[in-house]
Amino acid sequence: MSDFDETFDVVVVGSGGGAMTAALAAKAKGLRPVILEKSPFYGGTTSMSGGAIWIPCNGPMLKAGVEDSRDEAMTYLKTITKGEVADDLLEAYVDFAPRMVDFLIDDLQIPMIALTKYPDYYPDAPGGKPGGRSMEAEPFDGSELGAELARLRPAHPQERAFGKIAFTAAEAHRILFTGVAGQLVATRHILRYLFQTFKRLPYDRDLRLTLGNALAGRLRHSVMRKDIEVRLHTAVTDVIVEDGRVVGVVAETDGGVRRIGASKGVVLGAGGFAHNARLRQMHNPKPITTNWTAASRADTGDMHTLAEKYGWQTKYHGAWWTPTTVVPGQEIPWLLVIEKALPGSIIVNQHGKRFTNEAAPYLDVVEGMYADQEKSGATVPSYLIMDRTCRLRYPCGPVLPGLFQPEFLWKSHWKNDWLYKDATLDGLAAKLSIDGAVLADTVKNFNENAKQGVDPDFDRGKSLYDRYYADPRVKPNPSLGPIKKAPFYAIPVWPGDLGTKGGLVIDAKARVLGADGAPVPGLYAIGNSTASVMGPTYPGAGGTIGPSMTFGFIAAGEMAGE
386 MSDFDETFDV VVVGSGGGAM TAALAAKAKG LRPVILEKSP FYGGTTSMSG
436 GAIWIPCNGP MLKAGVEDSR DEAMTYLKTI TKGEVADDLL EAYVDFAPRM
486 VDFLIDDLQI PMIALTKYPD YYPDAPGGKP GGRSMEAEPF DGSELGAELA
536 RLRPAHPQER AFGKIAFTAA EAHRILFTGV AGQLVATRHI LRYLFQTFKR
586 LPYDRDLRLT LGNALAGRLR HSVMRKDIEV RLHTAVTDVI VEDGRVVGVV
636 AETDGGVRRI GASKGVVLGA GGFAHNARLR QMHNPKPITT NWTAASRADT
686 GDMHTLAEKY GWQTKYHGAW WTPTTVVPGQ EIPWLLVIEK ALPGSIIVNQ
736 HGKRFTNEAA PYLDVVEGMY ADQEKSGATV PSYLIMDRTC RLRYPCGPVL
786 PGLFQPEFLW KSHWKNDWLY KDATLDGLAA KLSIDGAVLA DTVKNFNENA
836 KQGVDPDFDR GKSLYDRYYA DPRVKPNPSL GPIKKAPFYA IPVWPGDLGT
886 KGGLVIDAKA RVLGADGAPV PGLYAIGNST ASVMGPTYPG AGGTIGPSMT
936 FGFIAAGEMA GE
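First residue of the sequence shown? That's 386 in our numbering, and the numbers climb one at a time after it.
Hints are computed from structural coordinates only; laboratory data are not their basis. For every residue, glycine included, the Cβ atom is placed at its ideal position computed from N, Cα and C. Incorrect hints may have been included.
Stated by the list, open to error - Pairs of lysine to any residue residues, derived as SDA-like cross-links and limited to a Cα-Cα distance of at most 25 angstroms, are as follows:
| hint | residue 1 | residue 2 |
| --- | --- | --- |
| 1 | LYS870 | VAL890 |
| 2 | LYS836 | TYR854 |
| 3 | LYS869 | LEU817 |
| 4 | LYS894 | GLN698 |
| 5 | LYS549 | SER797 |
| 6 | LYS760 | GLN735 |
| 7 | LYS847 | THR460 |
Stated by the list, open to error - Ranges of calculated distance between the beta carbons of each label pair, as one might list FRET restraints:
| hint | residue 1 | residue 2 | range |
| --- | --- | --- | --- |
| 8 | GLY821 | ILE490 | 31 to 39 angstroms |
| 9 | ASP844 | ALA449 | 48 to 56 angstroms |
| 10 | GLY946 | GLU533 | 26 to 34 angstroms |
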């Protein structure tokens, strides 16, 4: 028998949305869990993210009048995963995801909102929906966390106006694209932030938590209420195996190495390998680096390394790709989810040519970058080209629309070190070492088609998703606006990601499969520690966190013997 320093029913490794859901569900089923997190912060990449969860047939969407069915959800997932994911995994997700949301709402009192206007990423695919499957947690008063608020992993800076003021996904969309109404929303929250100055002093952050901070904060508050212990600075370095069964973990703590038993099971929910250069070189397309990812710095592939040691089955599907830009002075790259779809802009390679539909789902844009890189050898980096109108109306990385942040307020290290500007396209091309004649021809062709509202080269703006982050005030196609007003601007674009996609192979019960294809007794895995249930694709906003939380919920039921 193993000699443990202490024993719990369930040991959960990691503290993101899926990990905390697994612990909360285990507690609700009468088990005693503990959460182990190696970093000084809880929340994982969930906390830094947009915080959406993609859940078909969820209760709030049905109550809002958006129709959905199990058959439609299965049809959609089977279509977009292209046969690369086993049917029983997809069925488990579709069946248990709505139950997991009911658990959040009914048992944990976490209010969830269906984003009825946020379409699936492939709404025109069989079973696709124009909205409702993506959800977000309602904003949360962070002061309810007390001292634990300081240990919540901070949001990505791009999720805060001026790096400080929090908005929900719906609010940000209104601010960007509804003119005066959006300006009123922004003004209300700026005033709210200012009026909270005294209350905010002990925390040095906006107390109104939104997006990933809202989801992680609400889950942490539930963990507190349910008296589940969370241990930070606790790095799991190994599992303890007895007679073929995983019965605990070895953890390095500030007080030394501890052997922690798990009588019912260990759940590996410690994220992916975004910041592990060795694993990225092994499992991702080239070129690749850890400098372009927006994932948590603690995302270092610890569970993937254990899989190598024990021979557990693994499968890899690249990453949750998104174009990013590396801003001088910023620790984390900025995601170009919105910027890539805005009228008055295009992305070109180093030859000055477009190579993909910029407004497509961000995973597809980066896959387009890699495909063109393989052909041309000149796509990493690419460049986002904008004209004066685009710069005045819309944000660009940390730079607010020019109407709110004119150039004299730009940080000095942005200029010609990241955000390039010139009075002519030819001059801009020279600064980027691009053939000016080719860029001019690309822009001319794009502008002529934009006037007609079409993109015969890549069908940009045709899909409902393409138009979500576009400007409805621009006609006839909200994603297609000409690039014609000087001066012109450009920023580098890199093949970044939200985190890696691939890892331990699990079955429909979240059990890790060993080399022989059989479940490893006592071992479960979720989220980016696993080979994603979404395979090579991305169904909609929340296609990462939704499965992580759902399979955490499933794992808890299995450990409880349900």
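Here is what the structure says about each hint:
Between the alpha carbons of LYS870 and VAL890 the distance comes to roughly 52 angstroms, so the proposed pair goes past 25 angstroms and is violated. Annotation: proposed proximity of LYS836 to TYR854 holds, straight-line Cα distance about 19 angstroms (limit 25 angstroms). Between LYS869 and LEU817 the CA atoms are separated by roughly 18 angstroms; this keeps the pair inside 25 angstroms, and the hint holds. Under the criterion of a C-alpha separation no larger than 25 angstroms, the hint pairing LYS894 with GLN698 is consistent with the structure, at around 15 angstroms.
Between LYS549 and SER797 the CA atoms are separated by roughly 21 angstroms; this keeps the pair inside 25 angstroms, and the hint holds. Taken as a hint, the LYS760 and GLN735 pair is honoured in the structure, with Cα atoms around 12 angstroms apart against an allowance of 25 angstroms. Pair hint LYS847 plus THR460 holds up; C-alpha atoms about 22 angstroms apart against a cutoff of 25 angstroms. Take GLY821 and ILE490: their Cβ atoms lie about 56 angstroms apart, and the range 31 to 39 angstroms is violated.
The supplied range of 48 to 56 angstroms is broken by ASP844 and ALA449, whose beta-carbon atoms lie about 30 angstroms from each other. Checked against the given bound of 26 to 34 angstroms, the beta carbons of GLY946 and GLU533, roughly 32 angstroms apart, stay inside it.
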